[in-house]
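Asker: Turn these sequences into a full structure, and let the hints steer you where they fit.
Those protein sequence lines, which keep their order, are chains A and B.
Following UniProt numbering, the numbering of the first sequence begins with 1 at its first residue and continues without gaps.
Following UniProt numbering, the numbering of the second sequence begins with 1 at its first residue and continues without gaps.
Treat each hint with caution, since some may be false.
The calculated lysine-lysine pairs, modelled on DSS-like cross-linking and capped at a C-alpha distance of 25 angstroms, are [unchecked claim]: (1) B:54 with A:146; (2) B:54 with A:140; (3) B:115 with A:120; (4) A:119 with A:105; (5) B:54 with B:131; (6) A:140 with A:105; (7) A:119 with B:63; (8) A:144 with A:119; (9) B:102 with B:24; (10) A:120 with B:63; (11) A:120 with A:105; (12) B:54 with A:144; (13) B:54 with B:35; (14) B:35 with B:115; (15) A:119 with B:54; (16) B:58 with B:102; (17) B:58 with A:120; (18) A:144 with A:71; (19) B:102 with A:119; (20) A:140 with B:131; (21) A:105 with B:58; (22) B:131 with A:120; (23) A:119 with B:58; (24) B:131 with A:119; (25) A:105 with B:63; (26) B:124 with B:102; (27) B:131 with B:34; (28) B:102 with A:120.
If you are wondering where the hints come from, they were derived from the structure by calculation, not from laboratory data.
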Amino acid sequence: MSSSPTLSCHLYYVFLQSATIFYILFHGTLAVYFIPFASAFFVTKQRKSNRVLPFFDMAAAVRMPSANQPKSMTRPTRWSDVVEEAYRFQIAGYRDEIEYREVQKTDHVDRWPHNGYVKKLVRRDGCFYYYNRTRECPDKQINKTKLYEY
Amino acid sequence: MMKTKQQQPCINKKPEPPLAGAFKERNTGGTSFKKFYERGDFPIALEHDTKGNKIAWKVEIEKLDYHHYLPLFFDGLCETCHPYEFFARQGVHDMLEHGGSKILPVIPQLIIPIKNALNTRCHKVLCTTLKVLQHLVVSAEMVGEALVPYYRQILPVFNIFKNKNLNSGDGIDYSQQKRENVGDLIQETLEAFERYGGEDAFINIKYMVPTYESCMLN
Numbered sequence: 001m002s003s004s005p006t007l008s009c010h011l012y013y014v015f016l017q018s019a020t021i022f023y024i025l026f027h028g029t030l031a032v033y034f035i036p037f038a039s040a041f042f043v044t045k046q047r048k049s050n051r052v053l054p055f056f057d058m059a060a061a062v063r064m065p066s067a068n069q070p071k072s073m074t075r076p077t078r079w080s081d082v083v084e085e086a087y088r089f090q091i092a093g094y095r096d097e098i099e100y101r102e103v104q105k106t107d108h109v110d111r112w113p114h115n116g117y118v119k120k121l122v123r124r125d126g127c128f129y130y131y132n133r134t135r136e137c138p139d140k141q142i143n144k145t146k147l148y149e150y
Numbered sequence: 001m002m003k004t005k006q007q008q009p010c011i012n013k014k015p016e017p018p019l020a021g022a023f024k025e026r027n028t029g030g031t032s033f034k035k036f037y038e039r040g041d042f043p044i045a046l047e048h049d050t051k052g053n054k055i056a057w058k059v060e061i062e063k064l065d066y067h068h069y070l071p072l073f074f075d076g077l078c079e080t081c082h083p084y085e086f087f088a089r090q091g092v093h094d095m096l097e098h099g100g101s102k103i104l105p106v107i108p109q110l111i112i113p114i115k116n117a118l119n120t121r122c123h124k125v126l127c128t129t130l131k132v133l134q135h136l137v138v139s140a141e142m143v144g145e146a147l148v149p150y151y152r153q154i155l156p157v158f159n160i161f162k163n164k165n166l167n168s169g170d171g172i173d174y175s176q177q178k179r180e181n182v183g184d185l186i187q188e189t190l191e192a193f194e195r196y197g198g199e200d201a202f203i204n205i206k207y208m209v210p211t212y213e214s215c216m217l218n
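Answerer: If you want it as C-alpha cells, here you go:
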C-alpha cells in the first residue's frame, strides 16, 4: 500500500475538519456537523481498490444551517408560559415565533407589558388576532399544543 | 244532596290583579347591530377551527373609530342568536381590552344600549351584560367614576333581579361556577362599581339598590 494516497486522504480530512471548525465558529451550530465530523475518525484501512471515502459532503459543509426547520416536536402535559406562547401562535396559524418572524418579515411581536404574553398577531391573510392579558389556553387544549425544538 | 262549603263554588271570589311582568322577558325587536352586520359594515370575520370560534379583525382595533363602533357592538348585546350574539360579545371584549384611553369619551353613548340590554330581562342577555359591565369598569381609568351619574338608568334592573338565586337545598349549583347565577353576578357587578366608582359610588348604589351592603367600608 503506497503512502502518498494515505497521506493525501489524511490531508483531505484535515482540510475538511478545519473548514468544519471555521463554520462552527462562524455560525455557532455544532450539532449539524457533528455526525460527518465524527465519522472522519472511524475510517478503517481498506484496500486501495475498495477504499471509499466516508460520507462528508463538501456541499453540506458549506450549506447554511437549517435553523428554520424544527428537529423535533413534543406535546406538553402541563400549562406553562411556553405552552401559552405556542398556543397563541398556533391559533393564528403559525408554528411558533420563529415562523411568524419569517413569514411576516418582522422582528417585532406585540406583547402585553406586564407579563410578556402575545397581544396581537397578524394572520397570513392580513387579519388581526387579539389575545387577552391573562391565560387563554384552556386545559383541554394543552395536549393539542405543539412545542417545537430546533 | 247538599254540597259542603268546600264543594260550593266560590261566588265572592275577587278578580286577581293583572301581573306586572317585572320578571317577564321582553323582545327588543331588531337591533342596529344585526342590520349593520348583515350589511357588512363591521371589520370582523368569524373563524371556525378545532379550538372553537374566534373573531378576526380586518382592521387594527387601535385604528377603529370607537365613537362609531363601540355603541354598535354594545347594541348587539341584546342579540341571542348565533353569530350575532358571539360577535357582539367578543367584539365588545376585544375593544374594551385594547381600547385604553379611547373608551372614556364614549361612555355616555353606551348607556342607552346597556339599558336596553338589561331591560330585556332575558337571563342570557343579563349574564352577558353584567360581565361586560364588570369588564368596562376595569378597562380604563376613570371609567368607573364616569358611570356614577348613570346609575339611576342602569341599576333599577339590578334591584329587580338581585335576589334571583336558586335554592337548591344541599344540591350543587353549577350555574355559580359557570358564572350564570344572576343574583351572584349582580352582587359582583355592584362590588366592582363601588370599588372603581370613587367616593360617591356607594351612596348612589345604595339609593338605587337599598339592600346592597358595602364591600369596602365593612
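Asker: What are the numbers of the hints the structure violates, in ascending order?
Answerer: 3, 6, 9 and 26
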